[in-house]
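Engineer: The chain contents come next:
Number of protein chains: 2
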Amino acid sequence: MLSKAQIKRISSYKESKYRNQDKVFVVEGVKVVNELLNSSYEIETICALKQWLDDNSKRINNKANNIIEVNEDELKKISSFSTPNQVLAVVKTPLPREVVSKDKLVIALDQINDPGNLGTIIRIAHWFGIEDIICSENTVDQYNPKTIQSTMGSLFRVNVSYHNLKSYLQNLPEDYPIYGTIVENGENIYEKQVQKQGIIIIGSESHGISDEIIPLINNPITIPNFSINQRAESLNASIATGIIVSEFKRRG
Amino acid sequence: MLSKAQIKRISSYKESKYRNQDKVFVVEGVKVVNELLNSSYEIETICALKQWLDDNSKRINNKANNIIEVNEDELKKISSFSTPNQVLAVVKTPLPREVVSKDKLVIALDQINDPGNLGTIIRIAHWFGIEDIICSENTVDQYNPKTIQSTMGSLFRVNVSYHNLKSYLQNLPEDYPIYGTIVENGENIYEKQVQKQGIIIIGSESHGISDEIIPLINNPITIPNFSINQRAESLNASIATGIIVSEFKRRG
Numbered sequence: 001m002l003s004k005a006q007i008k009r010i011s012s013y014k015e016s017k018y019r020n021q022d023k024v025f026v027v028e029g030v031k032v033v034n035e036l037l038n039s040s041y042e043i044e045t046i047c048a049l050k051q052w053l054d055d056n057s058k059r060i061n062n063k064a065n066n067i068i069e070v071n072e073d074e075l076k077k078i079s080s081f082s083t084p085n086q087v088l089a090v091v092k093t094p095l096p097r098e099v100v101s102k103d104k105l106v107i108a109l110d111q112i113n114d115p116g117n118l119g120t121i122i123r124i125a126h127w128f129g130i131e132d133i134i135c136s137e138n139t140v141d142q143y144n145p146k147t148i149q150s151t152m153g154s155l156f157r158v159n160v161s162y163h164n165l166k167s168y169l170q171n172l173p174e175d176y177p178i179y180g181t182i183v184e185n186g187e188n189i190y191e192k193q194v195q196k197q198g199i200i201i202i203g204s205e206s207h208g209i210s211d212e213i214i215p216l217i218n219n220p221i222t223i224p225n226f227s228i229n230q231r232a233e234s235l236n237a238s239i240a241t242g243i244i245v246s247e248f249k250r251r252g
Numbered sequence: 001m002l003s004k005a006q007i008k009r010i011s012s013y014k015e016s017k018y019r020n021q022d023k024v025f026v027v028e029g030v031k032v033v034n035e036l037l038n039s040s041y042e043i044e045t046i047c048a049l050k051q052w053l054d055d056n057s058k059r060i061n062n063k064a065n066n067i068i069e070v071n072e073d074e075l076k077k078i079s080s081f082s083t084p085n086q087v088l089a090v091v092k093t094p095l096p097r098e099v100v101s102k103d104k105l106v107i108a109l110d111q112i113n114d115p116g117n118l119g120t121i122i123r124i125a126h127w128f129g130i131e132d133i134i135c136s137e138n139t140v141d142q143y144n145p146k147t148i149q150s151t152m153g154s155l156f157r158v159n160v161s162y163h164n165l166k167s168y169l170q171n172l173p174e175d176y177p178i179y180g181t182i183v184e185n186g187e188n189i190y191e192k193q194v195q196k197q198g199i200i201i202i203g204s205e206s207h208g209i210s211d212e213i214i215p216l217i218n219n220p221i222t223i224p225n226f227s228i229n230q231r232a233e234s235l236n237a238s239i240a241t242g243i244i245v246s247e248f249k250r251r252g
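Order-wise, the sequence lines are chains A and S.
Our numbering puts the first sequence at residues 1 to 252.
Our numbering puts the second sequence at residues 1 to 252.
If we strip away everything but chain A, and leave its shape as in the complex, we get (with noise of 0.2 Å):
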């Protein structure tokens, strides 16, 4: 059982201002909590519906500070989403992390405003083995709801970090291949030589990459437009993510 504080507190976490305040986010859902639990991340409270705490009883030991369990209404309370799936997590949110794969494909997202958006690509990185994601800092956050959820758990496998994108590119060495998805005037994702090291920027749907960014990038490409009349105007940022790091894996 919850108290009314207990409510409004948890509750209060749907909001980034609140989030970042006690330093926490909410995990949702009987998947998603199952690779919470799977994962180093500290885990605050579990509240979570009699069924699910039987059923996990042995799991959760020692693994949770609180563990509560709750009726529907009380989960209804304090869940992001309309129909609640029998259990919900305050885990706490670890520091920001270095970027830990320099060597390797680094994918950098400017000004994704989407949280699924973000949530896809970050579950994009976790099946293509990419360590790190670069946010810019008007990038949605990591810790939304709907990007959690559309994660499917992948959030507690990739180094997703925030970022000045421009002085972060500013500063790589001169000759690191910094490639960008440009509409006109990329080279074809399918006939270009693509490198095993290097940083992918993806640009927001509706702004494409910033201007202060277009300039960095040494590496231009584009996925060719097969539509009649070339009338389709653009993919999804997600769907344009998962075909080029697809075109950078499938090179081995």
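By construction, these hints were calculated from the structure, which means they are not laboratory data.
Think about it this way: if two alpha-carbon atoms lie no more than 25 Å apart in a straight line, the pair counts; the simulated DSS-like pairs of lysine-lysine are:
(1) K196(S) <-> K249(A)
(2) K14(S) <-> K146(A)
(3) K58(A) <-> K31(A)
(4) K31(S) <-> K146(S)
(5) K102(A) <-> K196(A)
(6) K104(A) <-> K196(A)
(7) K31(A) <-> K50(A)
(8) K92(A) <-> K31(A)
(9) K31(S) <-> K146(A)
(10) K192(S) <-> K196(A)
(11) K4(A) <-> K23(A)
(12) K146(A) <-> K76(S)
(13) K76(A) <-> K4(A)
(14) K192(A) <-> K249(S)
(15) K31(A) <-> K146(S)
(16) K249(S) <-> K249(A)
(17) K76(S) <-> K14(A)
(18) K14(A) <-> K76(A)
(19) K192(S) <-> K249(A)
(20) K76(A) <-> K14(S)
(21) K14(A) <-> K146(S)
(22) K76(A) <-> K92(A)
(23) K63(A) <-> K76(A)
(24) K192(A) <-> K192(S)
(25) K8(A) <-> K92(A)
(26) K76(A) <-> K146(S)
(27) K50(S) <-> K4(S)
(28) K146(S) <-> K146(A)
(29) K196(S) <-> K192(A)
(30) K196(S) <-> K102(S)
(31) K196(A) <-> K249(S)
(32) K146(S) <-> K77(S)
Assemble the complex: chain A is given as a structure, and chain S must be docked to it using the hints.
Structural biologist: Same frame as chain A, but now just chain S:
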């Protein structure tokens, strides 16, 4: 200005039951309505803010049977979105069309429930010049408001039709290539020889391709998993579609 009856009628089209009954669907926002006006779809009613009507008066002349100026409150009442965007159109549902491109690539969707995924897949088809998408009868409605929004207007450029997928596949010529994404025992899509003609079946993330459809696949394919210890479980259905279609198209 809208009457109460008009508000009630247009609002009801958020549900497929009422859309089917009146054989209409609803398109919203500047971008998608713009694509609608460039299409041959028949428009029943346009409800828009004064500014939008002033800006588009020449274009909408003779294009819609009813043109109604609304204020922001009225627009909010009939909109499916929390932040409506200037204009909403009620459109007559076209008659179901035959599959037009059996001699080319066709996408078939088996039980795709997520409206955003369906919309994103329609957008992928448009980008890659695929003219037909065949949906199983239990795939989400193409006229779901979230689907339409995710297509970004590509809905009007791709022929989406609903079929009993099993019967449809059984009635194809015996050597017609039926590609299906199977996680285990599929042939690596990067290495597989593919043809210019055929059907690519995409299953839902949660259930994969149905048991009754799997035996009909004569070309099982898979996207290799590069994750550390292969821990990543799956890709989003629309991401998998984007990567596979890209693989077919890059090889001409």
